[in-house]
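Trainee: Full structure from sequences and hints, please.
As they're listed, the protein sequences go chains Y, C, D and F. For the first sequence, this note's numbering gives the first residue as 1, with consecutive numbering after it. For the second sequence, this note's numbering gives the first residue as 1, with consecutive numbering after it. For the third sequence, this note's numbering gives the first residue as 1, with consecutive numbering after it. For the fourth sequence, this note's numbering gives the first residue as 1, with consecutive numbering after it.
Worth flagging that the hints you see were computed from the coordinates, not collected in a lab. Where hints are given, some of them may not hold.
Stated by the list, open to error - The list that follows gives simulated cross-link-like pairs (lysine to aspartate or glutamate, EDC-like), each with its CA atoms no further than 20 angstroms apart:
id : chain 1 : residue 1 : chain 2 : residue 2
1  : D       : Lys277    : F       : Glu67
2  : D       : Lys260    : F       : Glu319
3  : F       : Lys61     : F       : Glu109
4  : Y       : Lys326    : C       : Asp335
5  : C       : Lys277    : Y       : Asp216
6  : D       : Lys305    : D       : Glu109
7  : C       : Lys328    : Y       : Glu337
8  : F       : Lys260    : D       : Glu109
9  : D       : Lys306    : C       : Asp146
10 : C       : Lys74     : C       : Glu60
Predicted, not measured: the structure shown is a model, and the values here were computed from it.
4 protein chains.
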Amino acid sequence: MVIIMKPDASQESIAQICSVVELKGLGTHIVKGAETTIIGLIGDKTKIVDYPFEVMEGVEKVTHISESYKLVNKAFHPEPTVIKFDNGIEIGGKKIVVMAGPCAVENQEMITAAANYVKSAGASFLRGGAYKPRTSPYSFQGLEVDGLKLMYNAKKEAGMLMVTEVINERSLEAAYDYLDIIQIGARNMQNFALLREVGRLHKPVLLKRGLSSTIDEWLNAAEYIMAEGNEEVMLCERGIRTYETATRNTLDLSAVPVLKSKTHLPIIVDPSHGTGKNIYVPSMAKAAVAAGADGLIIEVHPTPKKAVSDGDQSLNFDEFGQLMEKLKIVANAVDREI
Amino acid sequence: MVIIMKPDASQESIAQICSVVELKGLGTHIVKGAETTIIGLIGDKTKIVDYPFEVMEGVEKVTHISESYKLVNKAFHPEPTVIKFDNGIEIGGKKIVVMAGPCAVENQEMITAAANYVKSAGASFLRGGAYKPRTSPYSFQGLEVDGLKLMYNAKKEAGMLMVTEVINERSLEAAYDYLDIIQIGARNMQNFALLREVGRLHKPVLLKRGLSSTIDEWLNAAEYIMAEGNEEVMLCERGIRTYETATRNTLDLSAVPVLKSKTHLPIIVDPSHGTGKNIYVPSMAKAAVAAGADGLIIEVHPTPKKAVSDGDQSLNFDEFGQLMEKLKIVANAVDREI
Amino acid sequence: MVIIMKPDASQESIAQICSVVELKGLGTHIVKGAETTIIGLIGDKTKIVDYPFEVMEGVEKVTHISESYKLVNKAFHPEPTVIKFDNGIEIGGKKIVVMAGPCAVENQEMITAAANYVKSAGASFLRGGAYKPRTSPYSFQGLEVDGLKLMYNAKKEAGMLMVTEVINERSLEAAYDYLDIIQIGARNMQNFALLREVGRLHKPVLLKRGLSSTIDEWLNAAEYIMAEGNEEVMLCERGIRTYETATRNTLDLSAVPVLKSKTHLPIIVDPSHGTGKNIYVPSMAKAAVAAGADGLIIEVHPTPKKAVSDGDQSLNFDEFGQLMEKLKIVANAVDREI
Amino acid sequence: MVIIMKPDASQESIAQICSVVELKGLGTHIVKGAETTIIGLIGDKTKIVDYPFEVMEGVEKVTHISESYKLVNKAFHPEPTVIKFDNGIEIGGKKIVVMAGPCAVENQEMITAAANYVKSAGASFLRGGAYKPRTSPYSFQGLEVDGLKLMYNAKKEAGMLMVTEVINERSLEAAYDYLDIIQIGARNMQNFALLREVGRLHKPVLLKRGLSSTIDEWLNAAEYIMAEGNEEVMLCERGIRTYETATRNTLDLSAVPVLKSKTHLPIIVDPSHGTGKNIYVPSMAKAAVAAGADGLIIEVHPTPKKAVSDGDQSLNFDEFGQLMEKLKIVANAVDREI
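Mentor: Take a look at the structure:
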């Protein structure tokens with residue numbers, strides 16, 4: 001249940017409603033917009049279902065949210081969330097952001113080269129993995145703290161921000177001071193303890209969709225983060241598992257309009273993991289922009305054939321540069337910018 | 001195996017190669033391009049694998065096609081197929097075609113109104129079902145021959161061409177003189193007898209992807225049609241079956257670049273069946289154009305809420321008109337036209 | 001809606017109810033059991049929803065069936081259907097039937113050898129394909145009429161009945177006099193024209209589940225057959241398409257108890273197509289019996305490695321003989337016999 | 001690569017091989033059987049591929065394991081693993097173990113009643129959740145430490161062992177002294193940090209299959225645990241995610257014979273989560289035993305309709321008691337015991 005206040009509602013009337021709700025044993029979550037304040041009720045609504053909030057002072061209307069996710073829900077927060085960074089970059093606004101870089105950080109030279117190139121081509125975030133969750137325990141698991149440092153040097157030199165995956169509390173702690181966006185990978189989308197952990201922090205979170213998660217489960221996973229207080233969450237579609245083997249995963253681009261109808265959070269699309277083959281990445285990147293995505297995350301490697309992981313799905317510099325030129329045109333066609 | 005001839009190869013050298021191949025017990029399929037002739041070998045290649053075709057007169061090179069589909073294969077026919085209609089419309093060229101109309105033909109008034117409107121908004125093909133394959137035997141199964149006549153009147157009045165589904169030999173025979181494109185529905189994608197039947201005819205075929213068919217199976221289904229002689233086949237992505245229930249099907253837009261890399265046939269996308277909900281259709285239509293589709297097939301109904309079938313996924317006239325305006329801009333952004 | 005009559009209800013009271021129903025514009029379907037008669041109403045129930053059938057003479061009770069399938073529904077026909085053959089064999093009774101034989105009929109010698117062996121080991125039906133729906137048009141498509149004749153000779157010699165697949169009206173006509181059970185394959189489960197065709201005939205039908213059909217769609221497909229008058233339908237689980245590639249399909253054995261709760265039709269399980277690998281067939285055959293299947297259909301070939309199709313999933317004679325011994329014990333453990 | 005020693009190989013010859021391997025920069029893992037010792041090589045085999053181990057003293061033969069999982073591999077450890085508990089119970093031997101109890105621990109009375117009943121019916125392990133990973137942050141998350149204590153009291157009173165899920169390091173630490181088997185749930189199957197953590201402990205681990213994990217990924221997840229030193233791992237099939245909605249998940253019973261062909265680890269089946277409906281549980285429990293499972297884990301609740309979670313899939317006491325009687329007979333039919 002959500003109580004929407006009148007534009008001129010006073011602090012007193014807001015406080016009065018909250019005290020009624022709390023007396024009944026429920027929690028509240030308050031969103032203050034430029035004009036309106038919305039009070040969300042958290043807990044067992046059956047205790048309060050008949051209470052006449054509509055006639056209380058300052059109340060505009062009361063609506064019911066049937067979905068189990070509340071804070072994430074567009075009905076609760078109709079305006080799109082825009083996440084703002086210190087350098088002026090915004091995610092969720094008119095401008096579509098591009099995050100680019102290698103699958104894994106390998107050494108200083110390659111990550112710096114990648115950062116400088118993708119920045120020059122128009123990317124604002126450097127992506128790269130220092131902690132790699134791998135199917136086999138014997139595969140390369142990332143450079144860990146060393147990788148974070150190399151990536152940090154590269155982003156500083158290129159004047160970018162960085163997004164990197166954390167896989168548990170330990171890696172979260174190690175990475176926190178280096179990163180600008182905390183990435184939760186597909187395999188950890190329902191690692192609820194980790195979601196709660198990042199929910200208590202003060203940096204934006206990029207939450208990848210689980211390998212076979214429904215959109216409903218994904219939004220509930222985002223709710224775990226928001227329920228702890230961190231409101232800067234973005235959702236990243238990266239392909240789902242289906243019977244089709246022509247692509248590594250099946251990029252579910254319909255998730256973009258579906259999410260736009262259900263949540264106010266920004267949506268990022270990963271065409272690299274979504275297809276698993278670099279020749280398909282440009283088409284799907286353009287399609288994602290046309291579908292309404294707020295951002296793209298794309299794997300770029302100086303020499304994809306030599307990459308320690310995921311070389312098949314990485315673009316080289318030239319391919320990425322050409323793609324960025326085309327993406328700018330497609331973005332304009334749907335009233336956005338890159 | 002495919003033998004590519006030199007630009008100046010004589011009729012005699014082509015004939016000589018064919019006679020060698022046939023002597024060995026294999027068949028041939030000849031594609032004459034503007035400059036080059038290509039000879040495809042059909043049958044058991046083990047009989048002929050060592051034959052020195054490379055040194056025969058007029059031969060440019062010999063390539064091996066490992067996929068089970070040959071005529072459909074881009075390696076065999078590198079130029080994109082363009083299907084041409086009497087009124088000058090082309091499918092597979094620079095211009096993206098739009099097919100639009102109701103799920104089912106209901107009566108003269110509604111189909112004529114739909115035809116006139118979608119034509120005015122830029123569609124060149126009228127879509128509509130007279131034979132409806134329905135899950136339950138007790139659901140509306142279409143107006144059959146009466147529906148075909150109503151649809152034919154409407155397309156004539158509006159100056160359009162028409163595409164409609166056939167479900168067996170009897171409906172194929174009934175519909176053949178009315179339609180301009182023969183539609184094979186998802187449930188019949190591996191109805192091999194029906195595929196062979198349409199393969200012997202001389203009208204273009206729109207082959208929808210099966211509900212859970214792989215791209216490989218789909219291309220082999222197209223091969224069934226082409227192997228009988230009908231070379232005018234287009235492939236229609238309409239969503240695949242996955243675990244996700246937020247959409248009716250999961251529209252696999254990656255199929256567009258995958259198909260472009262494997263076949264020369266035109267690719268149509270159906271965002272209506274692909275999503276099952278009209279509010280998601282515009283985003284996915286734009287995404288399909290950006291991904292490189294050669295055409296769209298969209299359900300449009302004068303009053304979607306009153307539709308006898310699939311009202312949830314139909315656009316009304318205004319929604320379709322507005323979408324067409326936006327699609328023209330997206331098409332231009334990827335060097336196409338609508 | 002279903003009207004269940006009292007045990008002593010007279011012909012007149014049954015006739016009276018039917019005439020009321022028909023006057024209202026609906027159809028009826030009557031099932032006479034040993035003690036009870038049930039009248040099913042077919043058509044638009046909104047016309048009749050308030051009619052006081054409960055107080056008419058001879059009526060025991062009135063129940064509503066919400067599923068779109070009626071004749072197939074257990075609520076309509078609570079007793080299990082038992083299909084009886086001239087030689088005394090029954091499907092759906094206490095005895096579990098085994099259908100066995102090669103994927104495809106190859107020649108007289110192999111099919112006769114297979115028939116004699118599987119009969120001696122306890123199978124009562126010979127399976128084998130004369131019309132093979134194949135993904136590629138260039139794969140072996142079956143011996144067609146010649147294959148039917150070879151198979152017919154073999155079943156006669158061995159004293160068996162035979163089940164074979166038909167793929168369209170032409171093959172149905174050719175095969176009808178040879179076969180004892182008409183098999184509709186997975187790819188034709190929603191070939192509604194073919195379902196209607198076999199619905200008008202007087203031989204039992206084995207309806208395989210579509211590659212990615214839901215149980216609800218499958219029961220509706222069976223309803224297409226029953227709605228035309230043929231009440232001898234059995235359902236065959238043969239694996240569904242999932243992301244897992246360790247097996248050819250994922251055998252959905254849960255379909256057995258699910259179907260048992262929803263329909264009165266007999267259920268057959270095909271562990272050969274379900275797994276695609278002969279080493280997994282014995283375990284899944286035993287599991288199917290334990291889960292409550294009424295029959296098994298198993299691929300057996302004299303020399304699996306030389307089979308023209310599906311050799312990987314065929315048992316050889318010894319493997320089949322040993323499996324039959326074990327199946328008898330498992331059948332006894334669940335109060336059945338083989 | 002795996003080196004199998006002769007039965008009479010001396011300690012010296014084993015040590016000599018290990019020192020060669022380690023000199024080349026690889027690790028070793030030694031399995032001593034009753035008669036034979038096997039040496040597994042861990043690391044980059046390209047460094048050692050040509051080394052003539054075959055001619056070294058005591059070597060019987062050298063085999064190559066192409067799968068990425070080694071310690072888990074049947075080729076490496078051909079004998080089935082049998083996990084032994086202090087009270088004489090074994091998992092993986094002739095006797096099939098049954099784990100039973102409620103989804104979640106609710107209070108002392110219900111967990112004690114459940115323990116006493118399931119023990120009397122033949123179960124040897126009490127199951128129950130104290131830490132519940134739930135889709136929504138607002139759903140009941142388990143009684144945590146209090147739940148562990150209640151469950152511990154119940155198992156002690158009933159004379160059972162207990163299995164319970166841990167979801168992160170904190171819950172693992174809290175639960176370790178109470179539990180006899182550490183359960184890793186489906187959502188954490190690829191929580192590699194947690195897998196490593198339990199790999200360093202000295203209690204058996206029940207590793208549930210991920211919601212849409214392949215069998216290959218699952219075996220690699222088990223390898224993460226074994227690679228840290230914990231060799232007592234059992235695999236639990238609990239249904240995979242497919243398009244079918246008639247059941248909560250699709251129980252992939254084929255996984256039982258597939259796993260039996262690839263690994264030596266014991267296999268447990270969970271028909272409760274696998275089907276999600278209690279009426280389907282008995283059929284699938286019997287099928288699992290017939291397919292060759294080494295154990296079952298079944299949800300049982302004194303009053304399923306009042307359960308705080310998963311009541312739909314829980315058996316009541318009578319249903320469980322009757323099922324156990326039938327399972328004993330099926331177990332005997334496949335040369336096992338319960």
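Trainee: Which of the listed hints are broken here?
Mentor: Numbers 3, 8 and 9 - these are the hints that the structure violates, sorted from lowest upward.
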